[in-house]
Each structure stands twice: as structure tokens, then as C-alpha cells.
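*Asks:* Residue strings, one per chain:
4 protein chains.
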Amino acid sequence: MRYKLGTISSIMMWGDLWRNAYNTYGARLKTDNSLFLISSRSSMNKITDLGGVKQLALRLRNWGRWGANDELGTINFATGEKIVNAARLVRKGKVFSLSIPFDSAGPQRPLLGERRFNPIHTMLMTGSDVTADAPIPWPFFRGADDLVILPTQCATHWDALSHVFYEGKMWNGYDCSLVTSAGAQKNGIENYKDKVVGRGVLLDIARCKKVKWLSPSYEITSEDLDECSNSEKVNVERGDFLLIRTGRMAQVKERGGWEDYAGGDAPGLAIETAEWLYRHEVAAVATDTWGVEVRPNATKDCMQPWHLVVLPNMGLLMGEIFDLEELAEDCGEDKVYEFMFVAPVIPFTGAVGSPTNPYAIK
Amino acid sequence: MRYKLGTISSIMMWGDLWRNAYNTYGARLKTDNSLFLISSRSSMNKITDLGGVKQLALRLRNWGRWGANDELGTINFATGEKIVNAARLVRKGKVFSLSIPFDSAGPQRPLLGERRFNPIHTMLMTGSDVTADAPIPWPFFRGADDLVILPTQCATHWDALSHVFYEGKMWNGYDCSLVTSAGAQKNGIENYKDKVVGRGVLLDIARCKKVKWLSPSYEITSEDLDECSNSEKVNVERGDFLLIRTGRMAQVKERGGWEDYAGGDAPGLAIETAEWLYRHEVAAVATDTWGVEVRPNATKDCMQPWHLVVLPNMGLLMGEIFDLEELAEDCGEDKVYEFMFVAPVIPFTGAVGSPTNPYAIK
Amino acid sequence: MRYKLGTISSIMMWGDLWRNAYNTYGARLKTDNSLFLISSRSSMNKITDLGGVKQLALRLRNWGRWGANDELGTINFATGEKIVNAARLVRKGKVFSLSIPFDSAGPQRPLLGERRFNPIHTMLMTGSDVTADAPIPWPFFRGADDLVILPTQCATHWDALSHVFYEGKMWNGYDCSLVTSAGAQKNGIENYKDKVVGRGVLLDIARCKKVKWLSPSYEITSEDLDECSNSEKVNVERGDFLLIRTGRMAQVKERGGWEDYAGGDAPGLAIETAEWLYRHEVAAVATDTWGVEVRPNATKDCMQPWHLVVLPNMGLLMGEIFDLEELAEDCGEDKVYEFMFVAPVIPFTGAVGSPTNPYAIK
Amino acid sequence: MRYKLGTISSIMMWGDLWRNAYNTYGARLKTDNSLFLISSRSSMNKITDLGGVKQLALRLRNWGRWGANDELGTINFATGEKIVNAARLVRKGKVFSLSIPFDSAGPQRPLLGERRFNPIHTMLMTGSDVTADAPIPWPFFRGADDLVILPTQCATHWDALSHVFYEGKMWNGYDCSLVTSAGAQKNGIENYKDKVVGRGVLLDIARCKKVKWLSPSYEITSEDLDECSNSEKVNVERGDFLLIRTGRMAQVKERGGWEDYAGGDAPGLAIETAEWLYRHEVAAVATDTWGVEVRPNATKDCMQPWHLVVLPNMGLLMGEIFDLEELAEDCGEDKVYEFMFVAPVIPFTGAVGSPTNPYAIK
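Chains as they are written, first to last, in the working numbering: chain A, -17 to 344; chain B, -17 to 344; chain C, -17 to 344; chain D, -17 to 344.
Okay, chain A solo, but in the shape it has when bound:
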């Protein structure tokens, strides 16, 4: 089988990531200036292979819970009543945009066969054309136009429920073959068109742990989530949009470069947190990392195991590459970790993800 060179190198990178995962676990004691933390999670019942992942996936599977035709999953928890309550959280009139800039200086680097690239922006008409007296056919009117080219998951984005497959199926049991080169016939991002509104809650794990950022490969456990919500005096409730801050974006800003942000070792959710999220019936989870879950993965024989449990099986809406820095600072100051959250998708028909500019409104 021939591959393009780009594909080969990305295979090797991803391969290295999971090959190193299991071996290095436990013994990872190198410290860096991010103040390395030993995970507080008990090692009992830790999932370390595909067998465990599958058991969890089946246990948390929500297929059919909202009907055989559902294409929404856990965002069904975000009801109108929740929206009304969320609006009442707007007290200061302050808006926090949780999006990184969409431009060529973004986090993408050769990955996935070099296919996830940073946004390309190019002009179709310019002001310099006007200054240079380029011929323009319209009386008096002058203007500029432009276009963009971008993978839907290149910067701050939502995953659609058609983005990840589990044993040939996607959310609610739809066959993955419904995602063809013509797009997703089921679970396309357009299903969320008028859905992404509700109460947002920030769990600032890094602040709670009193570090600038969690170390790469730090596993956030269910105990960590509880500890943080206790310390913030905020309850995570049914239908919430849960934002989890690891500090990884702070690290990027401090060092002035994305480096291995996309796909590299990163702090993130442990597999077992899927159960916690299931129990709390959250509508969505988003983080300040590339892929929400911890990397390297704890499972040698299964890449991105947490994704596989929560996205195709639980039906969880997932957001990635959120910039939570400004919001976190404000929450740290006023000690209010809940807010109205509005983060519309752009309804690209049949897309498996969408750029978004999420708003936390306090």
C-alpha cells in the first residue's frame, strides 16, 4: 500500500504517541516549570486497555434515550427552562469571547496526513486596488471582499456527533457509512443550529491546583472535578455546558508559540471521567486543549479512548481549543464560576464539525 509522505509521517507521530503511552505511565516524574503534579486519582479500576474502554462505552451508551431519530445527544439536557435560568446569570454585562484568532498563526502543524491546516484568508477585492485606481465598474461605490479556507476543526470548534465512530457506528447507532464524501447524512453539525445556549460552568482545575498550568500528560480525574467544583462552590448540573481549564493555553501564551499544542502530550480528562459526566448529565464539555482528553492516552490499544466513550456512545457535545484565560481571570476575581453560555455553530450542511466563537456572558 502506497501512502503519501505526509500520511506516513503523521502515522509515525501518532504511533509514537500511543506506543509511549502505557510504558511511561506511572514513572513519569520529570518536572518542568509547570509544577508537575502526581495525579490524585486512585489507581483502582483504572482503564488501561480496549477491553475496559468497551465496557465503559456500553455502560454509558445513550442510544435511543431521546428516540430512535435523535441527532442531538446530551444537548437534549439543555432545555428552555435552563436557558431562562442561564440568562438570569447575566449581571455585569460582560462578554468573554472564548475563541482564538482564526489565522495562519494558529496551532495546526503537519498532522493527520498534513490535512488539518491553519485557516487561509485571501482577498477578492482590496482597498489598495482602489488607491491604485484599478478599474471598478460601479459608480462611486468601492469596497473589499474576501474568502476563507479552513478545516472545520482547525481552531476553536465544536465536534459534530458524526466526527467519531465506534465499531462502525456513530451516535444513536447510525452507521458510519452515512458519512460519505458528500458529507454526513446523519449527525451533521447543522443539527445543533439553534441549540448551543445554556448555563456555562467553568472548572478551573489549574487554579484549583494552584499551578499556572497542569503538566502535559496530567490526568484530570473525577475526584479532581469534584474537588474543583467544591472549591469554587459551584454545582455542575443537568444541562450545563462545562468548561474545563487546564492552563495549557496560558502555557502557549507565556512561551509565545503553539509548538506541540496540537496532538502533543497534554493534560486532559481521564477516561473514567466519562462516568462523572454521564452522572451529571452535562450538555457539553469543552477545554483549552487540542483534544479534551489526556495525552498520551492511557490505553495502548486504543487511541483517544475518552472520545470513543463519550462522543459516539454518550452523545456528548465536545468543544476544543477554547481560550478560557480571560474568563478564568474574571471568575477568579469575582468568585462566580457560572454564566450564560452561547456558542452557535455555523450550520454547514453535513459537516462533522464547526468553527465557533463561544460567548460566556456574566
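Be a bit skeptical, because a hint or two may be false.
Repeated chains share a single entry, so a pair holds when one copy, or any two copies, can fit it.
Below, in silico cross-link-like pairs of lysine-lysine (BS3-like), each with a Cα-Cα straight-line distance of 30 Å or less [as the list claims (entries may be wrong)]:
| # | residue 1 | residue 2 |
| --- | --- | --- |
| 1 | LYS192 | LYS235 |
| 2 | LYS317 | LYS64 |
| 3 | LYS194 | LYS317 |
| 4 | LYS177 | LYS76 |
| 5 | LYS194 | LYS177 |
| 6 | LYS175 | LYS194 |
| 7 | LYS64 | LYS215 |
| 8 | LYS36 | LYS64 |
| 9 | LYS317 | LYS235 |
Because the hints were derived from the structure by calculation, they are not lab data.
With chain A fixed as given, assemble chains B, C and D onto it according to the hints.
*Replies:* Just chains B, C and D now, with coordinates in the frame of chain A:
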């Protein structure tokens, strides 16, 4: 001077539009099933040439009003206090998405040298690849990825203040030469990153006039706006996001095709409404049409005169191709024409517009 | 099953095309200004259904002929010796480019789910930027840069042997599942990288029939090919690159618009000519039409039957949307219908087609 | 003035390149495994600043030489007679493709504000769709389609005469403001549509110097060109397409990575060779490097001085990123360094460059 064929044909189309504008005015009495309306506006002081446009532009010019370095314009009116009040309008927990689908079935047709095209969506990995047992380098994990190509103004969108120039200048007096092929160095869409939140008000002119849609070329006057707000018992206030419904989207849906929606004859705001908007100090205006203002334009020697007054001179945020149908129906039922409005831009650095999926939340 | 609107309309269009095919055959006696011709082919043994197509496909199948690993097909006939002989045909030093312009004024229109669009060209740096004194970081050097977006088959192009499948297989028996969203793992266009050189022969059927262009739906038969080569006093030989002129491009030029050029009714090769081409062992066939073969297709139950026989089964290199007008005029004048032919693909790794600018050199 | 981050870093990189240029000249004695060579050129009359560049540019300026409306430049030297003679050089029937693969593994890296990227190839229909039984509207026919996105200069390419400007002018004195965001109104690549055919000559400087590749920053002088043509017993004549091999592509292949190939230090033509090329009246020059001329540039106050002399002033057709390895090996074996050369542009209307797959035919 050589042109591409595409450019030539678009020149001719636009040319025809304005050539026909003045001549046909007044005499346009053809009736169609949209119930043709004679405009209720007084013909006194009607602006019909560039001279009038220029006078109005200078009178309504807001340059310097928010400082010499401002890149935001009238959205400065949408203060934090307004946001708090807007959130109180959320009573039913109902979300209305005002975006059309982003796909190849959109409204664009050969125009602007054929450069505004409908969104192109293409897959980078598919589920059918998985079903067909394509080689995938990752253990157990399977998924789909995609990319999109789109002019920023191809579907529901906001204009940036770098989109339209007036005598070589853009909003706040910045030189239009700051918009080069590298993008807008000033007034780029990213300035609105955390700004588009506030009170929304729907003026449903078509409903007020008791028609399914206003006839193409119907000029909405300041009197129409007053009449409508009176009839709806809603005051348009400083900092509001004003949504104006002409019914043109209803017409598209009923006939089942976009046809000349983009760039054709359309109902829209008369030039003189710029003064009304200035007086009411709205933050933004958006409509269910391609270009907000009436077409054909009333000025033979100036294309899109209302744009030229309000965008580069007043600094008005402008939204186009909004789908107001569902929202209008709901407002017609509960007689509540105000709501919380949240419509984030995607912050493409240096872009002169942005796709958006605006939410009206009641 | 949901479809995008664009897909639906294209389905209907293609559907109409084949629905009309069989019924109208024989009775098509409408005349237009292209001088309608009754096909000279005998009606004996005419293939009119899938059964006949399959029999022919199996009879002409070349799988294994050049080894089990071949990805080149009939271009194997174009040997080095043929290239030397072809070069001897260069006597006048005249070069004919057979490519149409690559720009937004091209032949594509909404088709294939609107996915085959005309080339999009956009600038990354411009001269007007320079004139307008845009900041440029380099000492003294000034320049322009640009990018293009194009379906590989949007204008003058070669099909790769991975472009058409027959019962789940492509050329030489490779499974069609080897063409994934990562590209063609077998039979990609890059295989032709250094191959497209040899003797070109023009069969100008329209001129031979003494018409400006063959009528849409005119079926070119094997007898027509023989008649034309006799009249031109040129033998079609093993390894030749055969160019067949229907005059359809002349029609486009005369009427000044592409109209239904892409996918509409068109003159073209009858299914049975596959046998003729097989017998003559040509390296490639190209025409001045969108799809080489006659449209509507003669088979109700099989779209593009000739493609299915010659591309995946015979392994024939196929060129489409060639502009043969200038070349034909020259051949008509000097009565020399053979020439050196050089038409490189751009070697996009894994692509199923490639733009080309073919040269006929006399 | 704000810049995008990408732009800033590219500015710095380019800046570093020219800052280092003059200082390091002469003293560069570090040796690497490419066998460092002291340039054989006399240091007399060496051009080291913009003043010298300007004098040379004016002396070699060909404006008006082929009429006031010419958009072709030196390729005018490649006459029909030359083409006939070139064809006679085809003796073995061997074709050498001089193109690198067009894919994501290409030489581009963040440069020019990250705007020159490697080709992006994505599928619109796939074989895996077929295998997975995706709904397809056509009877029996199955196939694949795709699209590409690429900067015209990302891989093997020709520069158009609209690519480089000199004091606000391009080739033949046309104003650079004729290159707007709508494309090049003059000197667009489409002018070469049927032009790029003639006699090719390979000057294999690396082989002549008995090294695998010239060291980065090695300046090829006029004396080197003469020495090489003497050693190869081939005369460079009027109208020739001159291919110059530095071995840089061999270095890339041996080390298995492009690294700083694009924009980094590289062997290449000295400024003064412009005079040699002018005297020999070549039609075009192409090399196996990113930018033909030596880097770092010898002039501190002028980036790419040789470009500025030969492209806008002399009107020289220039090719870059040619893979000359296979051809060079063959020439080394049979000692024949001349051949027929055919390298069509893809005629993108108004483009400032074009991908090409050049053929050397022996």
C-alpha cells in the same frame, strides 16, 4: 484593458441595475402576487443623486466620536448595561437561529466577477472509508474530518467596517489602502470578537403592511419604521440590534428558489433611513435581504448609496441574508418583538466580513 | 435519506438525461442549424442496455495485459520508438495549445451536487498593494503571488484510471475501495507523470461530414471513424493519441456561451467504438466535448456506458474539454492530420484527474 | 501597523537572510559534506549593492524590443525554426519529467506570511463511498472526483512576467498596478499558453565541479557557466531553455527532507550572470532550487537582485523547483546535454505563475 469574461458579465449586470434605477422610479406600477405597495414616504427631500448622498454622509459621519483609534463604530452603543437588560428579555427559553444553511444550495450566483460563490464543503476522512476498510493508522479510533471554502459574505454574515470605502477612506477615517491582499490592517472583523450581544428588536414591515412580502424595489422609509414600531408597541432604543423583515426570504421559500435574491431588485431601506438610524443610535441593522438597502438604488450615479452613508461614515454594523421567518412568526403570535440577541463573528484576522449564526433568544 | 438541495437537483438532471435516452433514440429527427445528420452506422448489434455493455466490457478487458501491477493501461502502447517517430512529424515549428482558459468563465454549472465548479483564482500579493504603498518587509523587491482552487476535471483535463469504477473495481482489477478520501492508492494520475508523449492524430468528424458541428446526440460510429481517417488519408495506429473533433467547441464559441456544454446532450462516441479503439490499440482518446461519449446515452439502465467499457476495463487514457479549433483549421489547410503530441499531467499524488494544457506540435 | 503573527515571523526570517548576506560574504569557509567550493569568479566588478543592480537592470532592459504590446519577453527567441530543430534531438524516445510530486509533502513551510503552502488535495466522491453502498443517483455508473487548492508557485512552476516588479513597473514597462486582486491584466501566465517548446540544454554545474551538490550560498558565475558548457561540449544558443543543476534536489533526496529548501541558503546564479544570459539570448532559465539565484543575496539593500534584473527588465521566463536528477544522470551517461523541451503552463487567466510538469525528451 482586458477583463475576464466573468468580470465583464458582472459589470454588465450591475451596470444594468443602476441604469434602470432612476428611470423606473415612480412609474413602477406593475403588480405581482406580493401585493405591490406605493411607498408611503413623502417625496420631499428624497435623495436621488450623489450630491445628496454626500451631504447626508457628512452630516451623519461619526468619525472620532469614540476616539481616533476606534474600530468598532456604532456597536459602542451596546454597553454592558444594555446586555444585562437584554438578558432579562429571555422568558420562554426559546432560541431562534437566524442563519440560512451554509451549503452549495445557497443564494450566490455569478456576480462580482463570479467571485462570491456558495460554500464548498469537502471531506478529509469519511465513515465510508472505515466501512470500506481503508487503512487507518490508529488503534481502534475511527473518525471523519472536513474542510470548507467560502467567501465571508456568501450566506448569513456581518460586514466588517473595512468592507465599504467612501472616497478612499473607511470607518473613522482610516485610509482604504490599509486593506491590502494581506487583509484589513484596520477595521477587520476580529474587532467585533466579543461585541455582538444586546437587545434585539424585530421590525416586521411586511406583516405591518399586511403583505407576505414587500414587492421588489419597495423603499422602506423612516415613516415605515415608525409606523411599524408603533404598531408593534416596541421602541427602538440606543444600542439596539435592529432586525428588519421585508419578507423576501419568505418569497424565496414559497417559490422554492433563490433566483435573483443576490443582487436583484429587492425591497430595502431608503437612503434617508440612515438619518433615522443615526437618531435612534442603533448598534446594528440586519435584514432578510441580500443587501439591506432597496434595489434598484434611487441614485443613478452611486451604487449602494445607503451603504456608503452608514458603513464607512456612521460606522454601522450591518448584517445580511438573515432568515427571520421563524422569529417573525413567534413575534406575531406573542406580540413580543424584543429579545436577547447574540450573533458572534468568527474572528478571522483581517477579514472584511464573517459568517454568523445569529441567535434571537426569547 | 437526506440530501443537500444541490445534490437533489443534480440527481434530477442526470436522471432526466438517461430517462430520455432510450425513448428518443431513432425518432430524433428535429433539425437545427447544425445540419442534423442521420447516423451512418448500421443498427445491427447496437448496444442498448446494460447486458450489452457488460458483454463488451468483458471482451475488451485488458486486465493483466501489462502485468498484475500495471497502473498505466493503454498508454503502454506509446513506446519510445513511437516518440522518436512522433518527433519527426514536427516540420513547421507550430505549436497548438488545446486547452481552454482556466477561469471563472468556464463550462461548469451546478452539477454533481454542484461540486464541479469553475477555477477560482485569488491573489496573495498584488501590484496595487505596491502602488498603494502597503508595508512590505523586503528591501527593494516587490512582487505578486496567487493561489488557485479547482476540481481536477473542471476544464481541459485527463481522467486518471481511478476516476471510473466497474462493479466495484477499477483498472487492472484494483478494488475501488483503494480510492478513499486520502486519494487514490492505485491508478492515481501521478502514474502518467512522464508518459503523455507520442503521435497525435486528429479525426475531424465534423469537417468530414461537412458541418460546422455535429448535432447534439449525434452518435459517432466506427464507420464514421474509418470514413474520416480515409478521407484524411491518415491511419490510426498502435500507440496513437487520438483527438476527435465534433465541433461542439465551435458551437460554444459561435453562440458565445457554454450553456449546457457540461452534461447536456452532446455528440460523441457510440458505445461500439470501444471495439474500434481496442482493435487500433490507441494510447488515448480526447475530444472537444465534456464527456467524449454521446449524450443522451443509448442505454437506459447504465449511465456513460462507453466510459465503463474503456476506462476501468480497457485501461484507456481519456481527455475531455479539449479545444481543437485552431489545430483543426491548420490541419484542414495543410491536409496533415498527424503531429507530435505532448500533454503532461500535473502529478498531484493520488488525484483521479489532472488539468492539462496539451500541445499539438506540427 | 498591525501584522498577523505569521507575517511577522516571515518578515523576520527574510530579514535575517538579507542581513546576513553581505557580512558573511567571502569569509564563509565552513565545510560540509557537500564539498565546499571557493567561487571561481573574479571579484572584480562584483555587484554588492542596489546601485549596481540598477545599472545592470537598465543595461539589460529589453522593454520595447518586441513591440510596445509584448507580454512574452525572451521566449520570443524560441522561434518555430528552433522548435523544428529541437524535435530532431529526440533520438532515444525517452521522456524525463522534471516535476516534483504535487502533494502535502512538498517543500513549502511557513513563509511569505505563511501564504505559500503545499498543495491540498481533497476528494469529492470516492471508491470507498461505493464500497460502503453510499446512495448514488446514477444507473450502474460509479466514479471518483476531487479538487486541489494550491499557490501557483508552491511546487515546480513557471513565474509569469507579472510576478516581480521593478520600481513600480513590470515587464515591458506596464504599471504594476495592473496586477490587482482581480489578477494580472497584463503579463498574466496565460500569455505563454502555446509557447513553452524548444531546445533544452542542461548545464550540470555540480557534476562539472565534481561534487554531489554545490554548497548552500555558492555563487554560480558566468565563468562557471562557460566552463560547464565547454566541459559538456554543448553551446548555449539563442532561444534555448537553459536548465541549471546545482544538486540541491539531490541533497534533499539524500537527507530525506526539504528542511530549508524554500527560502534558505542555497547555491544559485550570481547577479552578474544576467549579463551572460542576456548575451546568449536564452528563452528561459530554470533550476533545481527554490529561487534560481544564490542565497543569501550578495546585496544587503536589495532582496533577490537577479530576479529584479532578469524578470521585469530583461523579460526572462524563469522556472523553479525543477527536479533535474534523472535527466542529469542520463546526460552524464550518454554525454548528450541537449534535448527537446516541452513545459506547458496551465493557462490560469491573470495568474502570476503556473504549476508545470516539464518534459525533457531525448
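*Asks:* Look at each hint and say if it fits the structure.
*Replies:* Results for each hint:
no. : hint            : verdict
1   : LYS192 x LYS235 : within (18 Å within a copy, 50 Å between copies)
2   : LYS317 x LYS64  : both (21 Å within a copy, 23 Å between copies)
3   : LYS194 x LYS317 : within (18 Å within a copy, 51 Å between copies)
4   : LYS177 x LYS76  : both (22 Å within a copy, 10 Å between copies)
5   : LYS194 x LYS177 : between (33 Å within a copy, 28 Å between copies)
6   : LYS175 x LYS194 : between (35 Å within a copy, 26 Å between copies)
7   : LYS64 x LYS215  : both (19 Å within a copy, 29 Å between copies)
8   : LYS36 x LYS64   : neither (32 Å within a copy, 50 Å between copies)
9   : LYS317 x LYS235 : within (24 Å within a copy, 48 Å between copies)
Hint compliance for this structure: hint 8 is the single one not met.
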